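Chemist: Sequence positions in the sequence shown follow the numbering used here and run 7 to 369.
Hints are computed from structural coordinates only; laboratory data are not their basis.
Any given hint could be a false lead.
To be verified - Restraint ranges, calculated between C-beta atoms of paired labels, are given here:
{"no.": "1", "residue 1": "C260", "residue 2": "R119", "range": "50 to 60 Å"}
{"no.": "2", "residue 1": "D50", "residue 2": "E240", "range": "13 to 23 Å"}
{"no.": "3", "residue 1": "G188", "residue 2": "F220", "range": "15 to 25 Å"}
{"no.": "4", "residue 1": "R118", "residue 2": "E169", "range": "15 to 25 Å"}
Note that this is a predicted model, so its numbers are computed, not measured.
Every residue gets a Cβ at the ideal spot worked out from N, C-alpha and C, and that includes glycine.
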Amino acid sequence: MISHSRPWLTEEDAQEAHACVMSGWVKEGTRTRDLERTVATHYDAAGALATTGARHAMHIALRCWFPDGGARVAVPTYVCRAVYDAVVMADCQPVLLDISPTDFSLDVDAFRRAHALDPLEAAILPDMFGIRAPIEEFRKTPGVKVLQDSAMRVVAADTARAELPPDAMVLSFEATKPVVAGEGGMLVSHDGDLIAHARDLRNGRYTSPRTAWFLPLTDLQSSLVASQWRRIPEMIRLRRLVQDHYVQQIQRICAAHIVRSVCDAAFPFRFLLRVDDVERFIDMAEGLGVVIRRPIAPYPLHRLFRAEGAFPVADRAHATLVSAPVYPGMSQEETERVGSVLRDCLEADIAHQGNTDAGPSGR
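Generate coordinates for the entire structure from the input sequences, incorporating the hints supplied.
Modeler: Structural data, given as structure tokens:
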């Protein structure tokens, strides 16, 4: 079975981890601090803070901005629930909103309507499936903190430095993400005071009266991340090769089923298709030895938390999108196999849709 996600861990990564173990120091230390400097330099930021996970990085950023809690924070409904949890952990109020049909992040118009009715104080913008969120549009709203969730996107340094920065960004090192350490995350910001404040909250210094959370990344985890970080350009190249192969297979049948905005992203995290019957497509692919999944599962957050309002774009995404594996460790044989399965499943899906549309008299 070809899995939907798989870490790209190499002999070099194993050697880095081994060196850390043999050093006798595996908890947070010099390797973690070196990694923080590396990531900050990569983004030309004032600083970076390694944490036990991306949700904890978000939580700490929100705590720094809103120490008394209570802030209304815009959260897209079509995202991992860890984002919602981070807002709740910070004693803030998540406000679920619909998504954009092109970048699948928080919809700008939905945000503006909600902000006009009851002012929002922050917005969390995920880079969904490697597509950069529209940071510039949200930075136009005065008084709103913009937190970019780059769990699904890591770009080359020249690209990162050319982009307008948010107030803060978080990265994830969870096992399904681009750079992995099993778990872990990073807070990055051009605001040095924010990073300094966040470091106090993360470290829980005995000399500080503030309530704090001891949430550091270990040196052992940092050794894995640092080793992979050096391979980001190669990671992007290999992912792009896999994605391009799928496009070549699918566009012969029906190019309209390919989600082009994902293919055009600077970081090819996933390959998405629009299909008629998601569950049937997933089951058929599994029967052929390939794990295909809904991009966000089991369903959008507004269903889980029974939020009021309409979320038509997120509902349509949930009803029609499937996600195929794209990771740099895939062999040529695996890439060709997945491409073939995607083609066969899509042909069956199109035929099934045609039969359904035709009705009994058309058979």
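Chemist: All hints, please: hold or fail.
Modeler: Results of checking the hints against the structure:
| no. | hint | result |
| --- | --- | --- |
| 1 | C260 / R119: 50 to 60 Å | violated, 35 Å |
| 2 | D50 / E240: 13 to 23 Å | holds, 22 Å |
| 3 | G188 / F220: 15 to 25 Å | holds, 18 Å |
| 4 | R118 / E169: 15 to 25 Å | holds, 22 Å |
Checked against the numbered hints above, the structure violates only hint 1.
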